[in-house]
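S.K.: If you're matching them up, the sequences are chains X and L in order.
Counted the way full-length UniProt numbering counts, the first sequence spans residues 1 to 491.
Counted the way full-length UniProt numbering counts, the second sequence spans residues 1 to 491.
Be a bit skeptical, because a hint or two may be false.
[Said to hold, decoys possible] Below, a sample of chain X positions facing chain L; criterion: calculated Cβ distance under 7 Å:
#1 11
#2 137
#3 208
#4 239
By construction, these hints were calculated from the structure, which means they are not laboratory data.
We put the beta carbon where it would ideally sit given N, CA and C, even for glycine.
Protein chains: 2
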Amino acid sequence: MLTNWNPAHMPEKEELKTRLSDARNQLYDLQMKIKEHKVPVLALFEGWGTAGKGSTIGKVIRNIDPRFFKVVTMSEPTAEEQRYPFLYRYFKHIPEQGKFTFLDSGWMEQICRERLEEKNDEKEYGSRIESIRRFERQLTDNGYLVLKFFMHIDQEEQKKREERLLEHKDTRWRVSEFDRWENAHYKKCVKVFSQYMSDTNASTSPWYIIDASERKWAELQVLETMISNIQVALQNQAHSVPILQNVFPLEQIPRLSEIELKDKELEEAEYKTELKKLQSELGELHNRLYRKRIPVIITYEGWDAAGKGGNIKRITEALDPRGYEVHPIASPEPHEKARHYLWRFWTRLPKNGHIAIFDRTWYGRVMVERLEGFCSENDWRRAYNEINEFEKELKEWGAVIIKFWVQIDKDTQLERFEERQNTPEKQWKITEEDWRNREKWDDYEVAVDEMLQKTNTSFAPWHVLESVDKKYARIKALKIVIEEIQKALGE
Amino acid sequence: MLTNWNPAHMPEKEELKTRLSDARNQLYDLQMKIKEHKVPVLALFEGWGTAGKGSTIGKVIRNIDPRFFKVVTMSEPTAEEQRYPFLYRYFKHIPEQGKFTFLDSGWMEQICRERLEEKNDEKEYGSRIESIRRFERQLTDNGYLVLKFFMHIDQEEQKKREERLLEHKDTRWRVSEFDRWENAHYKKCVKVFSQYMSDTNASTSPWYIIDASERKWAELQVLETMISNIQVALQNQAHSVPILQNVFPLEQIPRLSEIELKDKELEEAEYKTELKKLQSELGELHNRLYRKRIPVIITYEGWDAAGKGGNIKRITEALDPRGYEVHPIASPEPHEKARHYLWRFWTRLPKNGHIAIFDRTWYGRVMVERLEGFCSENDWRRAYNEINEFEKELKEWGAVIIKFWVQIDKDTQLERFEERQNTPEKQWKITEEDWRNREKWDDYEVAVDEMLQKTNTSFAPWHVLESVDKKYARIKALKIVIEEIQKALGE
Numbered sequence: 001m002l003t004n005w006n007p008a009h010m011p012e013k014e015e016l017k018t019r020l021s022d023a024r025n026q027l028y029d030l031q032m033k034i035k036e037h038k039v040p041v042l043a044l045f046e047g048w049g050t051a052g053k054g055s056t057i058g059k060v061i062r063n064i065d066p067r068f069f070k071v072v073t074m075s076e077p078t079a080e081e082q083r084y085p086f087l088y089r090y091f092k093h094i095p096e097q098g099k100f101t102f103l104d105s106g107w108m109e110q111i112c113r114e115r116l117e118e119k120n121d122e123k124e125y126g127s128r129i130e131s132i133r134r135f136e137r138q139l140t141d142n143g144y145l146v147l148k149f150f151m152h153i154d155q156e157e158q159k160k161r162e163e164r165l166l167e168h169k170d171t172r173w174r175v176s177e178f179d180r181w182e183n184a185h186y187k188k189c190v191k192v193f194s195q196y197m198s199d200t201n202a203s204t205s206p207w208y209i210i211d212a213s214e215r216k217w218a219e220l221q222v223l224e225t226m227i228s229n230i231q232v233a234l235q236n237q238a239h240s241v242p243i244l245q246n247v248f249p250l251e252q253i254p255r256l257s258e259i260e261l262k263d264k265e266l267e268e269a270e271y272k273t274e275l276k277k278l279q280s281e282l283g284e285l286h287n288r289l290y291r292k293r294i295p296v297i298i299t300y301e302g303w304d305a306a307g308k309g310g311n312i313k314r315i316t317e318a319l320d321p322r323g324y325e326v327h328p329i330a331s332p333e334p335h336e337k338a339r340h341y342l343w344r345f346w347t348r349l350p351k352n353g354h355i356a357i358f359d360r361t362w363y364g365r366v367m368v369e370r371l372e373g374f375c376s377e378n379d380w381r382r383a384y385n386e387i388n389e390f391e392k393e394l395k396e397w398g399a400v401i402i403k404f405w406v407q408i409d410k411d412t413q414l415e416r417f418e419e420r421q422n423t424p425e426k427q428w429k430i431t432e433e434d435w436r437n438r439e440k441w442d443d444y445e446v447a448v449d450e451m452l453q454k455t456n457t458s459f460a461p462w463h464v465l466e467s468v469d470k471k472y473a474r475i476k477a478l479k480i481v482i483e484e485i486q487k488a489l490g491e
Numbered sequence: 001m002l003t004n005w006n007p008a009h010m011p012e013k014e015e016l017k018t019r020l021s022d023a024r025n026q027l028y029d030l031q032m033k034i035k036e037h038k039v040p041v042l043a044l045f046e047g048w049g050t051a052g053k054g055s056t057i058g059k060v061i062r063n064i065d066p067r068f069f070k071v072v073t074m075s076e077p078t079a080e081e082q083r084y085p086f087l088y089r090y091f092k093h094i095p096e097q098g099k100f101t102f103l104d105s106g107w108m109e110q111i112c113r114e115r116l117e118e119k120n121d122e123k124e125y126g127s128r129i130e131s132i133r134r135f136e137r138q139l140t141d142n143g144y145l146v147l148k149f150f151m152h153i154d155q156e157e158q159k160k161r162e163e164r165l166l167e168h169k170d171t172r173w174r175v176s177e178f179d180r181w182e183n184a185h186y187k188k189c190v191k192v193f194s195q196y197m198s199d200t201n202a203s204t205s206p207w208y209i210i211d212a213s214e215r216k217w218a219e220l221q222v223l224e225t226m227i228s229n230i231q232v233a234l235q236n237q238a239h240s241v242p243i244l245q246n247v248f249p250l251e252q253i254p255r256l257s258e259i260e261l262k263d264k265e266l267e268e269a270e271y272k273t274e275l276k277k278l279q280s281e282l283g284e285l286h287n288r289l290y291r292k293r294i295p296v297i298i299t300y301e302g303w304d305a306a307g308k309g310g311n312i313k314r315i316t317e318a319l320d321p322r323g324y325e326v327h328p329i330a331s332p333e334p335h336e337k338a339r340h341y342l343w344r345f346w347t348r349l350p351k352n353g354h355i356a357i358f359d360r361t362w363y364g365r366v367m368v369e370r371l372e373g374f375c376s377e378n379d380w381r382r383a384y385n386e387i388n389e390f391e392k393e394l395k396e397w398g399a400v401i402i403k404f405w406v407q408i409d410k411d412t413q414l415e416r417f418e419e420r421q422n423t424p425e426k427q428w429k430i431t432e433e434d435w436r437n438r439e440k441w442d443d444y445e446v447a448v449d450e451m452l453q454k455t456n457t458s459f460a461p462w463h464v465l466e467s468v469d470k471k472y473a474r475i476k477a478l479k480i481v482i483e484e485i486q487k488a489l490g491e
């Protein structure tokens with residue numbers, strides 16, 4: 001894109017001044033509208049070293065109340081960050097509804113640098129591009145305004161700026177080694193940057209190339225583009241988006257009504273022996289996982305009172321507490337609800353070598369959120385694909401993903417509810433909401449069946465735990481976890 | 001995309017039947033909504049030979065009233081079609097608001113075939129992809145629902161089908177030579193098709209790959225995808241889209257107020273001599289143009305009573321009537337208003353070797369339509385780029401584009417208006433509307449200035465004709481036309 005791009009003509013000084021002052025005032029007014037209409041704005045500043053990414057951000061934010069924005073400066077991934085999926089550190093910083101995040105260089109810089117330093121080949125690059133397209137699409141599909149600026153200066157201008165900065169002790173640090181390399185290999189960089197921009201130029205989050213040869217002019221271009229895009233975003237509040245085709249391999253899975261629950265039981269004695277044996281085996285594996293830096297994600301969904309808690313306990317009992325975490329997922333907090341619904345899961349991912357266990361999960365989107373109307377129909381219909389994409393991302397990162405559906409029948413639930421109600425020390429476990437949900441059993445069953453069909457991918461399949469006999473379910477879960485980890489360890 | 005695509009599981013016979021019947025009924029109901037909400041639907045069927053594109057379309061349309069759809073079967077471009085820009089024959093067939101067009105293979109087949117037959121190189125392919133992306137984006141940006149289906153069968157299945165058809169005299173014609181070639185070079189085709197689909201997969205008009213191994217199942221997938229997308233489209237009626245950056249080279253051009261009108265005049269005698277000389281020169285050039293098959297597009301915009309008509313006349317007097325056409329552009333007819341605003345210009349393009357003269361043009365979008373509120377602000381703001389893209393497309397096709405702005409001052413207009421009013425045989429030339437427009441002179445001036453700034457590309461620049469003295473303007477126009485044609489002829 002850079003090669004056939006033509007800068008707009010810079011206006012005369014007087015006009016520039018008037019337009020700048022207009023634009024600043026407009027942005028000031030629009031920030032209130034952004035807040036009122038709850039639009040999250042992610043503004044990405046990429047571009048050449050010394051093109052003025054940081055200083056332009058500095059000028060733009062002067063027009064925004066400090067409560068409404070965050071500036072995030074990205075450098076090369078730290079050792080800590082490298083233990084997470086590549087998009088983790090970006091996803092972490094997406095803004096809340098009604099707020100701005102300014103990223104001082106983001107995923108473009110990272111990918112292009114890897115490419116320039118020949119750290120990724122054609123295939124890896126292609127897979128990164130896929131990830132980024134999905135990421136950006138998921139954001140815009142979910143109501144984010146994503147603004148992508150490329151701050152552009154020519155080779156000569158960059159050279160001049162770098163030399164000027166290098167002259168003085170106080171400014172020398174501003175020119176990185178990579179900046180100098182970039183200038184020396186300007187043409188090669190143009191090629192890689194252009195390719196990247198053309199690969200990620202979507203009509204819903206297009207690239208804007210900013211002529212950054214003059215600071216005030218650069219600021220004006222950025223402001224005017226932001227204003228135009230904010231105005232458009234404000235007009236599109238109840239906007240729906242096409243439901244994309246699932247492109248991932250789905251395995252067949254029975255409907256809930258076809259799952260045989262009878263005779264799935266264990267004697268107490270056999271249970272105890274098995275439990276002990278399997279737990280010790282799992283403990284062993286946990287160490288090896290840690291050494292090999294493999295991340296494991298275990299998720300639990302199932303009916304109320306199906307026995308998720310006790311099941312999870314039998315897993316964690318076997319694990320070193322320094323290497324795992326259990327995340328009980330309740331309704332989202334306000335700061336979570338204000339972001340992409342996957343944000344609270346992205347930010348709870350385990351480091352590699354660690355195990356994260358989710359007691360209820362992102363599948364809430366297509367169960368409770370669907371049935372209670374917490375999101376629109378377009379939202380939950382889109383979510384199957386978004387979730388498959390999310391799990392695919394985790395799989396490509398190298399994670400072991402084990403998804404459990406804990407199944408009981410309606411009568412068993414009633415028995416357990418009544419037992420809880422009648423046992424004083426268990427009464428806290430049963431609420432009015434549980435009874436209300438029970439009334440919607442049939443609706444839930446439809447939603448769960450659809451969910452299982454549409455998200456049973458070969459890389460992250462569902463495992464059903466028949467849990468009328470909780471002992472049976474626990475042993476089955478342990479066996480599956482062990483088996484999946486062994487596979488990942490190549491055993 | 002084909003290589004990593006996985007078909008969904010075909011449902012059992014009973015389920016298939018129920019879902020098919022549901023889907024057919026739903027589509028039947030939705031066609032009324034499409035009509036009511038004035039959504040134009042363009043459904044593109046691409047895919048392997050013998051995959052059943054035509055027969056699937058045949059089944060889908062059974063659920064739609066014949067007044068609401070058209071089926072267009074595309075074959076290789078005819079000699080006649082080859083005399084137009086590559087997108088012409090597709091643009092021609094875009095549906096009206098509230099109606100469906102089904103294309104039995106479209107631009108994908110054409111491009112991929114050129115690629116497979118090595119008729120285009122990497123660069124030409126890239127430029128085609130750019131054109132197609134713009135075309136599809138312009139459609140969806142302007143409210144079109146664009147559905148892209150790829151009917152997929154595997155190599156074995158295709159072979160079986162082809163052999164079956166070839167066995168019988170009556171069906172042999174159904175298998176083209178290209179179909180057989182495709183089967184013999186299946187892998188190569190997969191690569192080219194996949195690349196194309198991935199190059200043109202936008203979130204606003206995504207690809208849907210249809211497992212076409214079984215006819216009823218294929219029909220169901222198409223129907224369900226159509227329904228889902230129609231439902232989404234119906235929710236997005238007042239949807240705005242981002243204003244893209246202009247990527248084309250713009251030349252500076254003075255504001256109207258800076259144009260010097262004084263002393264731009266000619267003596268009658270000089271005018272006559274010049275006129276004769278230039279017209280005969282232009283006549284000559286017209287023949288050469290025709291031989292070299294160069295298309296020429298001359299457009300006129302300007303103030304009411306600026307002298308467009310008389311100016312055009314001095315051009316056409318020089319031309320062979322078999323080789324040019326003048327298109328006076330008034331407000332659009334209902335069937336024109338019901339389509340993309342550029343449709344009535346696409347369909348009026350000259351064949352190569354011909355000259356088309358437009359008396360008022362597509363620039364109405366950013367003048368009268370803007371000022372009279374005939375389109376939304378988002379629409380006209382987007383139009384500058386859409387128009388530049390349109391003219392770029394024409395330029396790449398090989399057209400000479402000459403755009404005139406005929407300029408007079410406000411007093412001159414008043415004089416001419418009054419003269420028309422007071423001269424019985426000229427009274428038809430002056431209407432109430434002219435007077436109303438005159439009152440908005442200042443608003444128009446703002447709009448025209450913005451238009452000139454934003455569409456004065458180096459490949460299709462504006463030429464100002466100072467027309468207080470009409471003779472001066474006519475001679476200047478002739479000279480420019482001659483000069484531009486000479487350039488195109490390489491003289």
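S.K.: Against each hint, give a clear statement of whether it holds in the structure.
M.R.: Here is how each hint holds up against the structure:
1. 11: The hint is violated - residue 11 of chain X has no Cβ within 7 Å of chain L, the shortest such distance being about 10 Å.
2. 137: Holds - the Cβ of residue 137 of chain X comes within 7 Å of chain L, reaching about 5 Å at its closest.
3. 208: With a minimum Cβ separation of about 5 Å from chain L (threshold 7 Å), the hint on residue 208 of chain X holds.
4. 239: OK, holds: residue 239 of chain X within 7 Å of chain L, min 6 Å.
The structure fails hint 1 only (numbered hints given earlier).
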